[in-house]
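Trainee: Residue numbers (our numbering), protein chains in the order written: chain A, 323 to 623; chain B, 578 to 898.
It is possible that part of the hints are untrue.
DSBU-like, lysine-lysine: derived pairs with alpha carbons at most 35 Å apart [unchecked claim]:
#, chain 1, residue 1, chain 2, residue 2
1, B, K623, A, K351
2, B, K641, A, K478
3, B, K623, B, K641
4, A, K613, A, K351
5, A, K478, B, K580
6, B, K803, B, K703
7, B, K661, B, K623
8, A, K613, A, K354
9, A, K613, A, K525
10, B, K703, A, K478
11, B, K661, B, K580
12, B, K623, B, K651
13, B, K651, B, K661
14, B, K661, B, K641
15, B, K641, B, K651
16, B, K803, A, K354
17, B, K703, A, K613
The hints are simulated quantities; they were obtained by calculation from the structure and are not laboratory data.
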Amino acid sequence: MTKAEYKPKTPEDVSRAPSFFRVLWREIKSDKLALISLILLAALFMFVYLAASGVTGDAVVTVSLKKINTPPSAGHILGTDPSGRDMFTQLVVGARNSISIAIGITLLCGLIGTVVGLFAGFYGGLIDNIVMRIIDFFSMLPTLMLVIVVVSVIPKYNVFTFILILSAFGWIFNARLTRAKTLQQSGLDYVSAARTLGTPNWKIMFAQVLPNIISIVIVNLTLSLAGNMGIEVGLSFLGFGLPFGVPSLGTHLGYARIPENLRLRWWLWLPAALLIVIMMLCINFVGQAVKRAADAKQRTG
Amino acid sequence: MWKTVIRRLLILIPQLFVLSVFIFFIAQYMPGDALTGRIDPKTSPKRLEELRQMWGFYDPWHVKYGRWMGNAIKGDFGISFAYKVPVTQVVMEKARNTFWLGLLTVGLTYLLAIPLGVLSGRYHDKIPDRTITLYSYLALAMPTIIAGLLAILVFSFKLGWFPYGGTVSAEAYERGNIYYILSRLHHMFLPALTGAVVSTSAIIQFLRSEIVDYEQADFVITARSKGVPQRVIYSRHIFRNSMIPVASFMGYSISGVLTGSIFLETVFAYPGMGRLFIDSVLSRDYSVANALIIFFAILIVLGTLLSDIIMYIVDPRLKIK
Chain A
323 MTKAEYKPKT PEDVSRAPSF FRVLWREIKS DKLALISLIL LAALFMFVYL AASGVTGDAV
383 VTVSLKKINT PPSAGHILGT DPSGRDMFTQ LVVGARNSIS IAIGITLLCG LIGTVVGLFA
443 GFYGGLIDNI VMRIIDFFSM LPTLMLVIVV VSVIPKYNVF TFILILSAFG WIFNARLTRA
503 KTLQQSGLDY VSAARTLGTP NWKIMFAQVL PNIISIVIVN LTLSLAGNMG IEVGLSFLGF
563 GLPFGVPSLG THLGYARIPE NLRLRWWLWL PAALLIVIMM LCINFVGQAV KRAADAKQRT
623 G
Chain B
578 MWKTVIRRLL ILIPQLFVLS VFIFFIAQYM PGDALTGRID PKTSPKRLEE LRQMWGFYDP
638 WHVKYGRWMG NAIKGDFGIS FAYKVPVTQV VMEKARNTFW LGLLTVGLTY LLAIPLGVLS
698 GRYHDKIPDR TITLYSYLAL AMPTIIAGLL AILVFSFKLG WFPYGGTVSA EAYERGNIYY
758 ILSRLHHMFL PALTGAVVST SAIIQFLRSE IVDYEQADFV ITARSKGVPQ RVIYSRHIFR
818 NSMIPVASFM GYSISGVLTG SIFLETVFAY PGMGRLFIDS VLSRDYSVAN ALIIFFAILI
878 VLGTLLSDII MYIVDPRLKI K
């Protein structure tokens with residue numbers, strides 16, 4: 323970390339705290355591992371969404387019966403799957419689905435959790451009591467099992483319903499966190515002052531309390547992105563993920579449930595496995611930097 | 578404290594009630610009914626109708642729920658379609674396997690995590706700590722499934738050190754006693770180690786930050802200024818205090834192990850409750866699936882309660898609520 327040149331500060335500089343994103347950027351720049359992870363993730367996302375956006379359903383259903391389970395070759399750099407489809411295109415589409423689902427769940431859980439948490443923490447009393455009982459109830463549930471049962475019962479669903487099902491069980495943690503932080507904030511002077519001035523409640527909540535706790539919410543969401551990806555992968559692996567025929571990184575891992583594939587046909591599942599581990603590592607490294615940026619005591623940059 | 582424990586257990590009753598209504602309704606949407614498991618497939622449709630009438634297939638939902646719940650309280654969850662024996666019997670048989678695997682997993686987790694966490698905190702920001710932190714990041718990023726697949730590929734298929742699938746080899750089963758136990762352990766070791774490796778990182782990082790924090794604590798500075806040797810400061814003053822919260826992880830490990838068992842047992846083809854659950858959902862054996870969900874929910878609540886009680890025992894300054 324290079325020491326910044328000393329510059330005399332004008333009153334404007336002093337009175338304005340740097341925004342969270344500026345702090346975050348400084349933190350990531352000072353942490354080489356986080357910087358590399360961020361670049362890697364950005365490159366991967368760009369490749370999957372933009373460069374490979376031409377790879378869609380057509381390529382996925384191009385089947386060649388002569389080439390079933392062939393090992394990697396010049397024509398198919400990651401070989402072909404048990405139906406004779408090119409594994410590389412499958413991997414790209416699978417990664418795109420998995421990433422979209424993970425981001426979808428994270429955003430939806432973030433939205434629900436933050437709003438519920440803000441209301442419970444800000445109003446307190448009866449609302450808080452009811453919300454907390456609901457949260458207590460949800461947090462003792464064997465969530466994974468319920469998701470599996472719900473998915474197996476619903477006759478027809480698509481990517482969007484799948485995100486909804488997972489979010490229905492996933493918003494709890496964020497709600498609990500937001501509620502605790504809001505409760506802390508609503509005891510502070512600036513909230514009392516705003517109340518005295520007659521600022522409407524929604525404005526205090528969303529324009530004053532929320533900006534003060536948003537950094538903690540962002541930390542939580544970044545770290546939970548990896549977890550959500552893991553849940554989707556796990557469910558797809560078990561066969562309770564996306565509808566049949568929609569590739570995801572988890573369905574690729576699912577090939578390895580057959581011992582012959584696991585032992586002899588590494589190209590069916592190993593690339594997906596490596597991709598998942600690399601993505602999760604990168605998300606965690608970036609998440610750690612975000613976490614440090616949100617807590618002034620831990621900052622390095 | 579006992580008052581709190583009893584209150585927590587009493588709260589469990591309404592919670593289980595809501596959960597049971599919820600899964601009862603989901604079960605209504607599953608195809609098939611409880612008769613499918615009980616009767617001879619050759620029964621004539623007319624007789625089938627009569628039996629359905631007799632066993633109350635057409636009763637309104639609250640009557641059905643009441644009957645199901647009444648029996649469930651007595652420990653009777655009906656008959657499994659897939660196994661044709663009482664659900665309780667099927668579940669209990671697999672519960673034993675999950676229990677032993679879970680015990681070994683938790684044991685190995687602490688056996689790995691405590692020394693690593695202590696080393697990492699003791700030599701923080703030095704080479705041992707860097708290495709351990711790298712390991713714990715990797716363990717955190719590694720889903721159980723992938724760790725399991727790699728472990729099977731390397732240790733079972735390539736090296737042949739551990740068997741794949743099952744709980745005991747047929748040969749050892751016949752020879753009995755000590756061979757039986759050894760074979761059981763041999764079959765459980767790889768899944769348990771995999772489960773342990775992926776769950777160590779939380780404990781390692783927690784222990785590390787506890788130890789680093791205590792270095793600046795007043796009582797440590799006092800001890801240091803009195804001239805207490807560094808070794809004694811760590812073993813007597815710091816480690817003991819930082820182990821307190823780690824003890825409470827023990828109860829949470831129960832829910833971790835249970836949830837993890839669904840993936841772990843499926844990957845390793847180990848016949849426990851997690852695998853039974855997946856199989857019973859796939860074969861629409863909902864009486865087994867429901868019983869397992871209720872059982873897991875009870876165990877998760879008891880695990881959390883156990884954590885709090887352990888916390889209280891090791892550190893009476895804390896109040897549990």
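Trainee: Would you mind marking each hint as holding or not holding in the structure?
Mentor: How the hints compare with the structure:
1. B/K623 x A/K351: violated, 76 Å
2. B/K641 x A/K478: Holds - the C-alpha atoms of A/K478 and B/K641 are around 27 Å apart, at most 35 Å.
3. B/K623 x B/K641: With Cα atoms ~22 Å apart, B/K623 and B/K641 stay inside 35 Å; holds.
4. A/K613 x A/K351: Judged against 35 Å, a Cα distance of about 14 Å means the pair holds.
5. A/K478 x B/K580: violated, 48 Å
6. B/K803 x B/K703: Given pair B/K803, B/K703 holds - Cα atoms ~26 Å apart, limit 35 Å.
7. B/K661 x B/K623: Given pair B/K661, B/K623 holds - Cα atoms ~23 Å apart, limit 35 Å.
8. A/K613 x A/K354: With a Cα-Cα distance of about 15 Å, the restraint between A/K613 and A/K354 holds, given a limit of 35 Å.
9. A/K613 x A/K525: Since the Cα atoms of A/K613 and A/K525 sit roughly 27 Å apart, the hinted pair holds (cutoff 35 Å).
10. B/K703 x A/K478: violated, 54 Å
11. B/K661 x B/K580: Cα-Cα ~43 Å, so violated.
12. B/K623 x B/K651: holds, 32 Å
13. B/K651 x B/K661: holds, 19 Å
14. B/K661 x B/K641: holds, 21 Å
15. B/K641 x B/K651: Status holds; Cα separation ~16 Å.
16. B/K803 x A/K354: violated, 41 Å
17. B/K703 x A/K613: The given pair, whose Cα atoms are some 22 Å apart, holds under the 35 Å limit.
Taken one by one, the earlier hints fail for this structure at numbers 1, 5, 10, 11, 16, listed in ascending order.
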